[in-house]
Amino acid sequence: MKVKNFAGMIMTFLGITFMIYGFATAFFYHPYKIYEDNAIIFILGSYLIIAGPGFWIGEVPKEVVARVRKEALGAKEEVKKE
Amino acid sequence: MISVWIFLVIGAVWYLTFYFTYGKFLQNKVVGAEEKRLTPAHKNFDGIDYVPANKYILYGHHVGAIAGTGPIIGPTLAMAWGWLPALLWILIANAILGAVHDYLALMASVRYEGKTIATVTGNVISNRAKYIFLWFILFSLILIIAAFIIFDVSIFMLRPQVATAILIFMPIAIFVGVLIYKFNFALKYALIVGLLLILVAIWVGYNVPLVITDYNTWVTILLIYGWLAGWLPLWYLLQPRDFLNVYIMWGGIILGAIALIISFASFQIPALTSYTQPLVGYKPSPIWPVIVLVIACGALSGFHSLVASGLLQGN
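Chains as they are written, first to last, in our numbering: chain A, 1 to 82; chain B, 83 to 397.
Next up, chain B with everything else stripped away, as it sits in the complex (with noise of 0.2 Å):
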């Protein structure tokens, strides 16, 4: 039996390559970026929507926004198939594809004042394809945001402990903003602050949970956070509540990753099952090309290209 941990150093230097060899010529050959250039978030600054962020700020946020149940829903589905489909579409798509496309749409949005990659296309194919770009994106977010609040509603329900953890995390997330952004704190500093009250949040959350059982009065609740979040400013609430969140996901990710290396651990499912399993609407799905769709934020989304020219590009 192969030991987990092979794939884990497999998978750490395939990225690091990718990210010193591929991801340099994009910065210097394609996107020509330059530290000394100004940033939107510098140029249009406005203390709200545009407010230049520290690098690890950043990287949180942007992290923290694709990273969330996606890439955990995606390939345990994709398991189905065997292990084998899963790892490869994502080693091969996620280096060659899909943080290509994330990088590529924030410089440019960048490039053009921070607008929102409808607009970026506006400028750079029609108007015409301005128009349809919104379009789509208003459809795909109505779908994107339905199928999160069913996913989120049904954790809620069946775990409530998590519930009041997340209610009580939001205030903290704004408390540390306000911290780094209007009292000036280090950020390690806002960071330790902020991980010590969220591990609070988390007992407290396990000890007493958040008891709804009407699956309706759920939905409202999510969909109101929802109006309430895109309402308020940027460095707020939403960066913030990013920033602390990749933190909590990478302790996740080292502790797993270290109990792998001490467990040796195998598979514990064969490399591959079989090539059509009933994975969508329970009807035979083949590997190709339905592990694209299975498969989204972990390897290769277009709603990246949302995050980064509508969250990102003005920090």
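Extracted from the complex, chain A is given alone in its bound form (with noise of 0.2 Å):
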């Protein structure tokens, strides 16, 4: 695993963390709201939870890569026949 997929990993866990952190404060602080500064910390789980995963997983395989680049230069020869 490379440094930048356990990074990912770091912050998709943060993410998920701070979003439930910010959701369950509106039960515990501010009733049924997520507030001022929880709310930031909500938000800042979400960007965590869009970007991290991109780190983690985010890549495409370089089989798949392969396979399609195979299957377009096959389509390609196929038009050049034609």
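Careful, some of the hints might be misleading.
[As the list claims (entries may be wrong)] Not everything, but these chain A residues come out facing chain B in the computed CB check (under 8 Å):
{"hint": "1", "residue": "M1"}
{"hint": "2", "residue": "A7"}
{"hint": "3", "residue": "Y21"}
{"hint": "4", "residue": "F23"}
{"hint": "5", "residue": "Y35"}
{"hint": "6", "residue": "I41"}
{"hint": "7", "residue": "F42"}
{"hint": "8", "residue": "I49"}
{"hint": "9", "residue": "P53"}
I should point out that these hints are in silico values taken from the structure, not numbers from a laboratory.
Keep in mind it's a predicted model, so treat the numbers as computed, not measured.
For every residue, glycine included, the Cβ atom is placed at its ideal position computed from N, Cα and C.
Dock chain one against chain two, each of which comes alone in its own frame, and use the hints as you go.
Laid out in structure tokens, this is it:
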């Protein structure tokens, strides 16, 4: 596992934690509202969840890239023949 | 009083006629589109910005990107002149100009290896034209981003329920994208999962609003989101987000159309109020040419060439 994959995992984990924390505050501090600073923590969590998996699982595997390229080149050859 | 659903039927017939006649003409005679030709998504596949997409996803991505707040705000503002000018402008400009512009911008980009419309301009006209166009794009995008951020912040502050639902919706969109592209999930199942989760997000949003009272904090939050969305691979966030959005939008349109037909509702405002209304900058604004500026995305918008050649061409 590369460093950036690990960083992505950490970001995702923190993102989930922040979102749950921000959401939970709605029931403890300000009834049924995610309020001000807690809202910012919730948003930060959402952003980390958006970006984290991109580092972690965001790349399409090399074998998929190779397969699609091969298919594309094959199709290109067919077009040329016609 | 005329029932609105009659215009609904006229509109549907109008669009279908243009789609199957003028659209076919453009496709076959002007562009010469063939299924056998490889698109840049196949030729330049990189797993990030060039990733071939299913045609339904592609449709959702484009419509979701162009039919945001613009087509709602514009016609609503234009109601100040009465319903007839807006209806005529949308029907005529949309079928004859807007759809043609979007399609040709996309196909021009596809023919030039998926380059942006500015690069295409450089190849077709001159390098000077390319740089002038790039500067124009930069300034117009700053203007567009500012306008939409102001609008979105107003919504989030007025209806904080929307903010919660949208913030939960973003990870859902990524989840659906990963299901489709990483786990090879069948599209219909991914769509069902995504839509069900969005319903849950909307329900949660209605019950637990997200309240931030400072205007500038919201502006900063949205600017960071804009940077994040532009930085991440297309297939990962923007594509599934727009794809899911468009089904929510279609659900709303279909339910609205059914409601119009069942209720036999008629227009509540006159067909034409006055040729000049204080619409732009609270100064008297004549229908022509101001309607072109007021209803942009709903009828004809140059911004769509950027969507076509900057987002869609790689899929």
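Check: Holds or violated: is there a CB of chain B closer than 8 Å to the CB of A7(A)?
Finding: A7(A) check fails; min Cβ-Cβ to chain B is 15 Å, beyond 8 Å.
Note to self: Can you verify the interface hint for P53(A): is its Cβ closer than 8 Å to any Cβ in chain B?
What the structure shows: holds, 6 Å
Checklist line | Interface hint compliance - F42(A) to chain B, C-beta minimum distance less than 8 Å | finding: With a minimum Cβ separation of about 6 Å from chain B (threshold 8 Å), the hint on F42(A) holds.
Notebook entry, point to check: Does Y35(A) pass the interface hint, meaning its C-beta sits closer than 8 Å to a C-beta of chain B?
Noted result: holds, 5 Å
Item checked: Proposed interface contact between I41(A) and chain B, which counts if any beta carbon pair is under 8 Å -> violated, 11 Å
Notebook entry, point to check: Taking 8 Å as the limit, does the beta-carbon of I49(A) come near enough to a beta-carbon in chain B?
Noted result: Constraint on I49(A) satisfied, holds at 4 Å.
Checklist line | Hint validity - Y21(A) Cβ closer than 8 Å to any chain B Cβ | finding: violated, 13 Å
Item checked: Hint check, M1(A) versus chain B [nearest Cβ-Cβ separation less than 8 Å] -> violated, 16 Å
Next item on the list: Grab the minimum C-beta distance from F23(A) to chain B and call the hint holds if it beats 8 Å, violated otherwise.
Entry: The hint holds - F23(A) has a Cβ within 8 Å of chain B, the shortest such distance being about 7 Å.
The structure does not agree with the numbered hints 1, 2, 3 and 6 stated previously, though it agrees with the rest.
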